[in-house]
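Novice: Turn these sequences into a full structure, and let the hints steer you where they fit.
Chains as they are written, first to last, in our numbering: chain P, 1 to 502; chain E, 1 to 153.
In short, the hints are calculated from the structure, not lab data.
Computed Cβ-Cβ distance ranges for the label pairs, DEER-style:
{"hint": "1", "chain 1": "E", "residue 1": "GLY141", "chain 2": "P", "residue 2": "GLY293", "range": "49 to 57 angstroms"}
{"hint": "2", "chain 1": "P", "residue 1": "GLU56", "chain 2": "E", "residue 2": "GLY72", "range": "44 to 52 angstroms"}
{"hint": "3", "chain 1": "P", "residue 1": "ILE186", "chain 2": "E", "residue 2": "ARG6", "range": "38 to 46 angstroms"}
{"hint": "4", "chain 1": "E", "residue 1": "ILE130", "chain 2": "P", "residue 2": "ASP202", "range": "32 to 40 angstroms"}
{"hint": "5", "chain 1": "E", "residue 1": "PRO5", "chain 2": "P", "residue 2": "VAL166", "range": "20 to 28 angstroms"}
{"hint": "6", "chain 1": "E", "residue 1": "VAL147", "chain 2": "P", "residue 2": "PHE485", "range": "53 to 61 angstroms"}
{"hint": "7", "chain 1": "E", "residue 1": "ARG6", "chain 2": "P", "residue 2": "GLY346", "range": "46 to 54 angstroms"}
Stretches of chain P that chain E covers, calculated by requiring three or more beta carbons in the stretch to come under 8 angstroms of a beta carbon on chain E:
{"hint": "8", "region": "394-402"}
{"hint": "9", "region": "419-430"}
{"hint": "10", "region": "453-463"}
We put the beta carbon where it would ideally sit given N, CA and C, even for glycine.
The chain contents come next:
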Amino acid sequence: MELLSNLGLGFSVASSFANLGFCLIGVLLGTLIGVLPGIGATATIAMLLPITFQLEPVSSLIMLAGIYYGAQYGGSTTAILINMPGESSSAVTAIDGYQMARKGRAGTALATAALGSFFAGTVATFLVAIFAPPLTAIALEFGAAEYFSLMVLGLVMSVALAHGTVLKALAMVILGLLLGIVGTDIYTGTPRFTLGITQFADGLNFVALAVGVFGIAEILRNLEDEHERQVMTRNINRLFPSGPELRQIIGPVLRGTGVGSVLGILPGGGAILASFASYTLEKKLSKHPEEFGHGAIAGVAGPESANNAGAQTSFIPLLTLGIPANPVMALMIGAMIIQGIVPGPGVVTEQPDLFWGIIASMWIGNLMLVVLNLPLIGLWVKLLTVPYYVLFPIIMAMCSIGVYSVNSNVYDLFAVAFFGFLGYVLSKLRFEPAPLLLGFVLGPLLEENLRRAMILSRGDPTTFVTRPISAGLLVLALAVLVLVFLPQIRKRREEVFTESDG
Amino acid sequence: MATKPRDDTDMIAGLLLMAAAAFFGWQTAGLEIGTSLRMGPGYFPMVLSGLLFLLGVLVFLKSFGRTGEPMGPVAWRGMLFILPAPVFFGLTVRGLGFVPALFFTALIASQASARMRPLPALVLAVLVTIISTLIFSYGLGLPFRRVGPWLDF
Numbered sequence: 001m002e003l004l005s006n007l008g009l010g011f012s013v014a015s016s017f018a019n020l021g022f023c024l025i026g027v028l029l030g031t032l033i034g035v036l037p038g039i040g041a042t043a044t045i046a047m048l049l050p051i052t053f054q055l056e057p058v059s060s061l062i063m064l065a066g067i068y069y070g071a072q073y074g075g076s077t078t079a080i081l082i083n084m085p086g087e088s089s090s091a092v093t094a095i096d097g098y099q100m101a102r103k104g105r106a107g108t109a110l111a112t113a114a115l116g117s118f119f120a121g122t123v124a125t126f127l128v129a130i131f132a133p134p135l136t137a138i139a140l141e142f143g144a145a146e147y148f149s150l151m152v153l154g155l156v157m158s159v160a161l162a163h164g165t166v167l168k169a170l171a172m173v174i175l176g177l178l179l180g181i182v183g184t185d186i187y188t189g190t191p192r193f194t195l196g197i198t199q200f201a202d203g204l205n206f207v208a209l210a211v212g213v214f215g216i217a218e219i220l221r222n223l224e225d226e227h228e229r230q231v232m233t234r235n236i237n238r239l240f241p242s243g244p245e246l247r248q249i250i251g252p253v254l255r256g257t258g259v260g261s262v263l264g265i266l267p268g269g270g271a272i273l274a275s276f277a278s279y280t281l282e283k284k285l286s287k288h289p290e291e292f293g294h295g296a297i298a299g300v301a302g303p304e305s306a307n308n309a310g311a312q313t314s315f316i317p318l319l320t321l322g323i324p325a326n327p328v329m330a331l332m333i334g335a336m337i338i339q340g341i342v343p344g345p346g347v348v349t350e351q352p353d354l355f356w357g358i359i360a361s362m363w364i365g366n367l368m369l370v371v372l373n374l375p376l377i378g379l380w381v382k383l384l385t386v387p388y389y390v391l392f393p394i395i396m397a398m399c400s401i402g403v404y405s406v407n408s409n410v411y412d413l414f415a416v417a418f419f420g421f422l423g424y425v426l427s428k429l430r431f432e433p434a435p436l437l438l439g440f441v442l443g444p445l446l447e448e449n450l451r452r453a454m455i456l457s458r459g460d461p462t463t464f465v466t467r468p469i470s471a472g473l474l475v476l477a478l479a480v481l482v483l484v485f486l487p488q489i490r491k492r493r494e495e496v497f498t499e500s501d502g
Numbered sequence: 001m002a003t004k005p006r007d008d009t010d011m012i013a014g015l016l017l018m019a020a021a022a023f024f025g026w027q028t029a030g031l032e033i034g035t036s037l038r039m040g041p042g043y044f045p046m047v048l049s050g051l052l053f054l055l056g057v058l059v060f061l062k063s064f065g066r067t068g069e070p071m072g073p074v075a076w077r078g079m080l081f082i083l084p085a086p087v088f089f090g091l092t093v094r095g096l097g098f099v100p101a102l103f104f105t106a107l108i109a110s111q112a113s114a115r116m117r118p119l120p121a122l123v124l125a126v127l128v129t130i131i132s133t134l135i136f137s138y139g140l141g142l143p144f145r146r147v148g149p150w151l152d153f
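Specialist: Here's what the structure looks like:
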């Protein structure tokens, strides 16, 4: 069995003493920052990203994966305990999770979230291991035109899944693409948009942008209104779900895993869609749909599983095509590039230990979450009671060190301040930052492939529609765009997002 | 006099997008556009700037005729102290060195909250500096000078 030997290789890499340690540190740090109210997985990873750069590539990515799961779990914890989801994917968890907490079932809700996530993570890890290698074979057939069309599809999907109006999300993608272009033109060596600052010749620092737009903007938003938080800590009941409760969550967990695994592969942020889809599905299937919104355990189990499965399978497009499916994957791709790894179909053949090591560490990260975080819930809850004004100076110090440590470039720190300001202004004007980050990462790739495709086709733009795969992807992108502009769909879409905001 | 309904947030958003597009368009002006066969460095950015401007106009126009949600409070104090913190770190990390630069960075950032009292702020900044120095400088071995040339006497 090739799969088993590959997984064996992966586990031997991931379970080395040092890598286990890094995975553990990642999970702990990720949860630590992730439970800070209002700070979602993306912001957490952006802030912790620089810490991993000092390590060798495999360890660094393993630690990053640990941070990712920890951050996600931390996000669910705040969603359940204080009704403050850091990210739209855990917004669904907050609906019923917080109601469970108010009824004194916070422990059960937290354990359900953790167990559901673990199960979904396990299944999805296997799916990644099974499907990623054959997909890389297809990916090797991709030419410049196909890559271009695929990226267009990914960007369009991220627009469709962003909060707020479609027009503004589109504007964010384009602004991201433009910011991504800053630096030296690869074909001619001409500096573009650098304002004569030579430090920006290599482009704007990706970490600076991510930390600024996600991390610092988030801190500023939290500083707007410093009110006391209502933490549901007084009555955390026993953690482990009882027998009947376990039976209640099996169905939602299984369905959530299925829904999440499929939607996670979609470019553009399938994991977010997954938790919505699972919630809607469970509500439809439930014998007591009236319980939803008032603390239905299925409303926690399903979306949490879907979310985690989707988060896992969204590694598939990243590892096979080098195309990030969501902002978190965009951060991962940034990390890989900084480590000197070119994400894409080459990774699996050229660096099998890295590829399989990451896959194995996904599962190990999930396991650590359950084993460590369930007993540590008390600690995380205590952390929620630490006043915010103590936390953010620490975060600011860490951000400054982190961003500086990437390139020892002082201008990156100025860029952080600028992007923090920009991110805050954008959020005040109700722009969604996720499409911006995706555009920023994809900008250079998109342009490169566009120009290459045009040269290959001798200037004939029909190359994008005469090549079947490329045409299919573009048709899909167009269909998505038409769909989100249709009046009925637009209305429905706004309803879904309002529901999750409520 | 009854004012016409208008979504101020979106109006500003639209204007901002147009301004950004104009800035990028202006910066593209000096770049070679090229042909669609051999695109010059200015081709793609020019197309994007145009699109961004168009979107800005659309967002701007759509802001009329409906009222939006108010923008809510603005974190003025937060911006005043949070944003300068990394800038200060950038300006002084080489000169003052890692340890003093970090101490002041944490101290500046801590002033962003009205709830922070002077003494706790000082204690927090000292703790952050000590722990970060232990982790990043001694633990991870980042190649920063702990005390910079400005403090050499």
